[in-house]
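Generate coordinates for the entire structure from the input sequences, incorporating the hints supplied.
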Amino acid sequence: MDPSHVLVPLDGSPLSEAALAHALSVFDCPITVLNVVTPIDASMSESGVIERDDREAEAREYADEVIDEAQQRATEYDQPIETVVEEGDPAETIVDYADEHDVDQVVMGGYGGDASDLTQRLLGTVATAVVREAPVTVTVVR
Numbered sequence: 001m002d003p004s005h006v007l008v009p010l011d012g013s014p015l016s017e018a019a020l021a022h023a024l025s026v027f028d029c030p031i032t033v034l035n036v037v038t039p040i041d042a043s044m045s046e047s048g049v050i051e052r053d054d055r056e057a058e059a060r061e062y063a064d065e066v067i068d069e070a071q072q073r074a075t076e077y078d079q080p081i082e083t084v085v086e087e088g089d090p091a092e093t094i095v096d097y098a099d100e101h102d103v104d105q106v107v108m109g110g111y112g113g114d115a116s117d118l119t120q121r122l123l124g125t126v127a128t129a130v131v132r133e134a135p136v137t138v139t140v141v142r
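Each residue of the sequence shown is one higher than the one before, counting from 1 in the UniProt record's numbering.
Calculated directly from the structure, the hints in this document are not laboratory data.
Just so you know, not all the hints are guaranteed correct.
[What the hints assert, rightly or not] Pair by pair, the computed Cβ-Cβ distance ranges are:
1. 78 with 132: 32 to 42 Å
2. 101 with 12: 36 to 46 Å
3. 28 with 53: 35 to 45 Å
4. 88 with 13: 14 to 24 Å
All figures in this text were calculated on a predicted structure; none of them were measured in a lab.
Every residue, glycine too, gets a C-beta built ideally from N, C-alpha and C.
Written out as structure tokens, the structure reads:
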């Protein structure tokens, strides 16, 4: 059965861009592009609040760039998309969004980074968590 609403988590990486291209070329249904901004706490900053505020502003600016590029890509495919920026843990936010917004398929990029577990090396830690926890079908693009 074809999905009626596809979610594409987009972080600006080449594999997430490939996932968006895949979704735009394969599915003829509403597509939501989700960028997750990870909150920056004081422990991630050496000098405290000022640097933290700068980093948060940079993260939001980057999220806007990612979303703008997704809109441009969707125009190339002549397909409208909805865009959303959320703040939180990436895997949890993706799973929660899919569960709360009638998404029935997630299409996301994998990542071949360093990890001790074979699945995490093949898919990436966020993709692995989403595959494990999502209430819907997940397609991982590599």
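Hint-by-hint comparison with the structure:
1. A beta carbon spacing of about 35 Å between residue 78 and residue 132 agrees with the range 32 to 42 Å that was offered as a hint.
2. At about 22 Å, the beta-carbon gap between residue 101 and residue 12 misses the expected band of 36 to 46 Å.
3. Evaluation of the 35 to 45 Å hint for residue 28 and residue 53 yields a pass: the beta carbon distance comes to about 42 Å.
4. Between residue 88 and residue 13, the C-beta spacing of about 18 Å keeps the proposed range 14 to 24 Å intact.
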